[in-house]
Amino acid sequence: MAPLRREDVAKVAKLARLKLSEAELDQFTEQLGQVLEHANDIAALNLEGVVATAHPFGLINVVREDELRPSLSRDAVLAMAPDAEDGRFGVPRIMGEAP
Amino acid sequence: MTLPDRWEMVVGLEVHTELKTTTKMFCGCANEFGAEPNTNICPVCLGLPGSLPVLNVRAVDLAMAIGFALHSTIASSTFHRKNYFYPDMPKDFQISQYDLPINSGGYLDLPDGSRVTVERAHLEEDTGKSTHLGGSGRIHGAERSLVDYNRSGVPLVEIVSGPDIRSSAQARAYASELRGILIATGASDGRMEEGSMRIDANVSVRRPGDPLGTRCEIKNLNSLRSLHRAIDYEALRQIELIDAGGTVRQETRHWDESLGATSTMRTKEEAEDYRYFREPDLVDLVPDPAWQERVRAGLGAMPAQRRATLRARLSDATSSQLDALEVVVDLGFDDLVLAAIDAGIDPTLAMARAANELASGIDHVGNLTTEAFTTTLAMEQSGELSATQAKTVLLELLEHGGDPRKIAKDKGFEQLSSGSLGATVEALIKQHPEEWTRFAEGDEKLAQFFIGQVMKSTKGQANGKAVIAELQSRR
Chain A
1 MAPLRREDVA KVAKLARLKL SEAELDQFTE QLGQVLEHAN DIAALNLEGV
51 VATAHPFGLI NVVREDELRP SLSRDAVLAM APDAEDGRFG VPRIMGEAP
Chain B
1 MTLPDRWEMV VGLEVHTELK TTTKMFCGCA NEFGAEPNTN ICPVCLGLPG
51 SLPVLNVRAV DLAMAIGFAL HSTIASSTFH RKNYFYPDMP KDFQISQYDL
101 PINSGGYLDL PDGSRVTVER AHLEEDTGKS THLGGSGRIH GAERSLVDYN
151 RSGVPLVEIV SGPDIRSSAQ ARAYASELRG ILIATGASDG RMEEGSMRID
201 ANVSVRRPGD PLGTRCEIKN LNSLRSLHRA IDYEALRQIE LIDAGGTVRQ
251 ETRHWDESLG ATSTMRTKEE AEDYRYFREP DLVDLVPDPA WQERVRAGLG
301 AMPAQRRATL RARLSDATSS QLDALEVVVD LGFDDLVLAA IDAGIDPTLA
351 MARAANELAS GIDHVGNLTT EAFTTTLAME QSGELSATQA KTVLLELLEH
401 GGDPRKIAKD KGFEQLSSGS LGATVEALIK QHPEEWTRFA EGDEKLAQFF
451 IGQVMKSTKG QANGKAVIAE LQSRR
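Those protein sequence lines, which keep their order, are chains A and B.
Using my numbering, the first residue of the first sequence is number 1, and each one after it goes up by one.
Using my numbering, the first residue of the second sequence is number 1, and each one after it goes up by one.
For the record, the hints were derived by calculation from the structure and aren't laboratory data.
Keep in mind that this is a model prediction, so the values were computed, not measured.
Glycine is no exception: its CB is placed at the ideal position from the N, C-alpha and C atoms.
Each hint should be verified, as a subset may be incorrect.
Unchecked claim - For each label pair, taking beta carbons as the anchor points, the in silico distance ranges come out as:
id, chain 1, residue 1, chain 2, residue 2, range
1, A, A16, B, A35, 55 to 63 Å
2, B, A35, A, G33, 32 to 40 Å
3, A, D83, B, E399, 33 to 41 Å
4, B, T22, A, M80, 49 to 57 Å
5, B, S263, A, A16, 38 to 46 Å
6, A, Q27, B, Y276, 54 to 62 Å
7, A, A81, B, E399, 57 to 65 Å
What the hints assert, rightly or not - Straight-line Cα separation of at most 25 Å, PhoX-like style, residue types lysine-lysine; simulated pairs:
id, chain 1, residue 1, chain 2, residue 2
8, A, K11, B, K91
9, B, K409, B, K430
10, B, K82, A, K14
11, B, K445, A, K19
12, A, K19, B, K91
13, B, K459, B, K391
14, B, K445, B, K406
15, B, K391, A, K14
16, A, K11, B, K409
17, B, K391, B, K409
18, B, K409, B, K445
What the hints assert, rightly or not - Stretch-level coverage of chain A by chain B, calculated; a stretch enters the list once three of its residues show a Cβ under 8 Å from a Cβ in chain B:
id, stretch
19, 32-43
20, 56-65
21, 83-91
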């Protein structure tokens, strides 16, 4: 895997809506680079025949029956919202679109 | 619509269908259309800190049912987080399936004989619903938005077709056939007008034989008519652009039904990077053979097979019967019609009453039993009820259910059809001796005169055939 570049960190920070200072960009490029290097160490091993671990627990098929449970009170929930109108949450002007 | 010479369109569809479960995908809130805003919300579907999703087993059953109906391979699958910043998902991510969907591959055969491949049909959760205030009412320019999270977390299956569709008519046929399958599996109610089935269309154009052109994706088409119109508009737009020396930009476009046009929503450069990663709060979904078999065994016949079954019973089908065939199967009346034909009802009559009277009362059809339907048609066939009376009885059965013989009696239909019709005919013969003589001497046209008189005095509730029988018996 190619080494992590400063612009990669800047791009990921932008996608995550994180505002990083120049010093922080340097700091995280170094730290995240170390994490990725560790992944390289594992990739260097002979892993033939080893099944990928999708989850640390060996559990599968954790499901629930399709049964109703009580919902929250709307008034109680909207009272915690910074803005509400007409039984709905008020949010600032939306710039993007739903995917 | 036909495209200009030597152009063809290439279309692939992504159909999102909400699953007909009682509760949401990862929590026990009701999956309910039209409820008061934000009344079906809880910590899980609001994304409150510390809440954990638990998968609804019924959503998995329905997703597998769709997979079986589309001849997909059902496999072990995983869930991912699709990250984006948009207030319709309060968690700031949508749980979806990414590289390992529950259903891979498959196909759908259309009534015209063409086959459209299916690439995948995966599970994901629906988003909340935003209303934009200010500006144009559309998202761009809105000053403020209001969000209702009742829909957030409702289970969805997204069915992605291959780029196999070559015309807007074929796209429409695919969506319509798929809708029939979703209803037949019990996965969806197919109500496009309520948003329970929504379609994105990927459209490109090319010279036949050329490699695929650059595609545009048209979002959120919510009727078959919009789908048809939007695809035609978009294909023509791209052809005109290329003919004028331009190039198609890969982008997401919005369809405006009132303008009948698509417009740019976002370009590829602005496209989001969703930073998919494994949803750590959900474990692998591994439907074992016994689970799969239980779902498969519970599946009824799909529309294509049901049309073939019914078609086989309409030996000398007229074109109007064949038209009715699709309607009858689409609305799920084929079992009723088959039962009536089995009971000796004329297929033409059974098809006509199903495609017209039953179709008009579709919302109440649960009230109508097979027995009541068959009995009513038998009464009509034997002349006990006129066509008008039989329709009235059917409408009453749809509205309130009940026993057709009792309904006919309560409405005074039976009385008229037995003794009183004879008495009415008798009286009219006395009132019109000249006409009667001419009829008795063989002028068949006068039968219509008497039928008209009988209809007039019974307010249209007599049976024409029964009147002729009464006239003949007195000749």
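Verification of the hints:
1. For the pair A16(A) and A35(B), the supplied restraint of 55 to 63 Å is violated, since their beta-carbon distance comes to about 34 Å.
2. A beta carbon spacing of about 50 Å between A35(B) and G33(A) contradicts the range 32 to 40 Å that was offered as a hint.
3. Our hint of 33 to 41 Å for D83(A) and E399(B) is violated, since their Cβ atoms are close to 46 Å apart.
4. For the hinted restraint 49 to 57 Å between T22(B) and M80(A), the CB-CB distance of approximately 27 Å leaves it violated.
5. Separation of S263(B) from A16(A) is about 30 Å and departs from the stated range, judged on CB atoms against 38 to 46 Å.
6. At about 26 Å, the beta-carbon gap between Q27(A) and Y276(B) misses the expected band of 54 to 62 Å.
7. Hint check: A81(A) to E399(B), Cβ distance near 44 Å, so the stated range 57 to 65 Å is violated.
8. Between K11(A) and K91(B), the direct Cα distance comes to roughly 21 Å. Compliance with the 25 Å bound is thereby established for this hinted pair.
9. Note on K409(B) and K430(B): the hinted pairing is violated, with a Cα-Cα distance of about 28 Å set against a maximum of 25 Å.
10. Pair hint K82(B) plus K14(A) holds up; C-alpha atoms about 16 Å apart against a cutoff of 25 Å.
11. Taking the CA atoms of K445(B) and K19(A), the gap is about 93 Å. The hint is violated against a cut of 25 Å.
12. For the suggested pair K19(A) and K91(B), the alpha carbons sit about 20 Å apart, so the restraint of at most 25 Å is met.
13. With a C-alpha separation of about 15 Å, the suggested pairing of K459(B) with K391(B) holds against the 25 Å cut-off.
14. Distance check on the hinted pair: K445(B) and K406(B) sit about 36 Å apart at the alpha-carbon level, beyond 25 Å; violated.
15. Between the alpha carbons of K391(B) and K14(A) the distance comes to roughly 66 Å, so the proposed pair goes past 25 Å and is violated.
16. Annotation: proposed proximity of K11(A) to K409(B) is violated, straight-line Cα distance about 79 Å (limit 25 Å).
17. With a C-alpha separation of about 15 Å, the suggested pair K391(B) and K409(B) falls inside the 25 Å cut-off, and the hint holds.
18. The hinted pair formed by K409(B) and K445(B) fails the criterion: a straight-line CA distance of about 33 Å is larger than 25 Å.
19. Three residues within the 8 Å Cβ limit are the bar, and the stretch 32-43 of chain A against chain B gives 0, so the coverage statement is violated.
20. Interface restraint, the stretch 56-65 of chain A with chain B: holds (8 residues with C-beta to C-beta distance below 8 Å; minimum three).
21. Beta-carbon proximity to chain B at under 8 Å applies to 7 residues in the stretch 83-91 of chain A; the threshold of 3 is reached and the given coverage holds.
In summary, the numbered hints that this structure violates are 1, 2, 3, 4, 5, 6, 7, 9, 11, 14, 15, 16, 18 and 19.
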